[in-house]
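My request is simple: use the sequences and hints to build the entire structure.
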Amino acid sequence: SAVISQKPSRDICQRGTSLTIQCQVDSQVTMMFWYRQQPGQSLTLIATANQGSEATYESGFVIDKFPISRPNLTFSTLTVSNMSPEDSSIYLCSVTVATGRETQYFGPGTRLLVL
Amino acid sequence: SQQGEEDPQALSIQEGENATMNCSYKTSINNLQWYRQNSGRGLVHLILIRSNEREKHSGRLRVTLDTSKKSSSLLITASRAADTASYFCATDAGGGNKLTFGTGTQLKVEL
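Chains as they are written, first to last, in my numbering: chain A, 1 to 115; chain B, 1 to 111.
The hints are simulated quantities; they were obtained by calculation from the structure and are not laboratory data. Every value quoted in this text rests on a predicted model; they were computed, and no experiment measured them. Glycine is no exception: its CB is placed at the ideal position from the N, C-alpha and C atoms. One should not assume that every hint holds.
As the list claims (entries may be wrong) - Facing chain A, from chain B, some residues (calculated, C-beta under 7 Å): (1) ARG41; (2) LEU43; (3) ASN97; (4) LYS98.
Stated by the list, open to error - If we take Cβ atoms under 7 Å as the criterion, some of the chain B residues that face chain A in the derived model are: (5) GLU5; (6) ASN31; (7) HIS45; (8) LEU48; (9) GLY95; (10) PHE101; (11) THR103; (12) GLY104.
Below is the structure:
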């Protein structure tokens, strides 16, 4: 498995501002992902964070709104840009630990409220 | 949307009873995973079942998979108050380990 931490754990932000969320893993991992969970809803995949290259975004998500970095095998950031109240969600990162190992492990999440 | 459906949406039982949750999905899959989420926090991985498996056990958990019906069930036996949580199924259809989550079942286990 993997121990995953996220910072911040929660934040309250004003509309029009941006917030960067960090995801740190205690060991090198193969895949890193970012998910969004809107209030009372299930999880939706935002993108796959690729080490050393641009992230791969899912339909409905764009780089200008959700820029992602992954400079190495243990760390990734997700920025929520130009926020609006509709961005209020829990943002979670997840990882797979080895090629061929399909289990995904999730971080504790970042709870974001946009006013 | 490729999101799967889970039923029931909510389930309330007494401690000691069994809880069964069902998940249906739409596409062919490589594997299906079940997760637990307590009070909007991070997800805890419970069990993974591959497309060539029909049943899997882990402690008090029993998962079945019927690929012909595109459905899975999670059975929690002898439930405890600590099992109170939301339970999600998630399918991996192949191509990069990307997961598609079901709508979730909110389980409440009362003393």
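key: Evaluation of the interface hint that places ASN97 (chain B) against chain A, nearest CB under 7 Å   = Check passed: Cβ of ASN97 (chain B) comes within 5 Å of chain A, closer than 7 Å.
Go through the hint on LYS98 (chain B) and say holds or violated, using the shortest Cβ distance to chain A against 7 Å. 6 Å, holds
* To do: Mind checking the CB of HIS45 (chain B) against every CB in chain A and telling me if the closest is under 7 Å?
  => 6 Å, holds
Does PHE101 (chain B) hold up as a contact with chain A if the rule is Cβ-Cβ below 7 Å?
For PHE101 (chain B), the interface hint holds, since the closest Cβ of chain A sits about 4 Å away, which is under 7 Å.
Does ASN31 (chain B) hold up as a contact with chain A if the rule is Cβ-Cβ below 7 Å?
5 Å, holds
Restraint: THR103 (chain B) near chain A, CB-CB cut 7 Å. Satisfied or not? 5 Å, holds
Interface hint for LEU43 (chain B), Cβ within 7 Å of any Cβ on chain A: 4 Å, holds
**Report entry** Restraint check, 7 Å cut-off on beta carbons, for LEU48 (chain B) near chain A
**Finding:** Given a least distance of 5 Å, the restraint on LEU48 (chain B) holds.
- prompt: With a cut-off of 7 Å, does the beta carbon of GLU5 (chain B) approach a beta carbon of chain A closely enough for the hint to hold?
  reply: This interface hint is violated because 10 Å lies over the 7 Å limit.
| said: Does the closest beta carbon of chain A sit nearer than 7 Å to the beta carbon of GLY104 (chain B)? | reply: Holds - the Cβ of GLY104 (chain B) comes within 7 Å of chain A, reaching about 5 Å at its closest.
Open item on the list: The hint names ARG41 (chain B) as touching chain A; please verify it with the least Cβ-Cβ distance against 7 Å.
Closed with: 6 Å, holds
Query raised in the report: Hint check: is the beta carbon of GLY95 (chain B) less than 7 Å from a beta carbon of chain A?
Result: Violated: closest Cβ of chain A sits about 10 Å from GLY95 (chain B), beyond 7 Å.
Taken one by one, the earlier hints fail for this structure at numbers 5 and 9, listed in ascending order.
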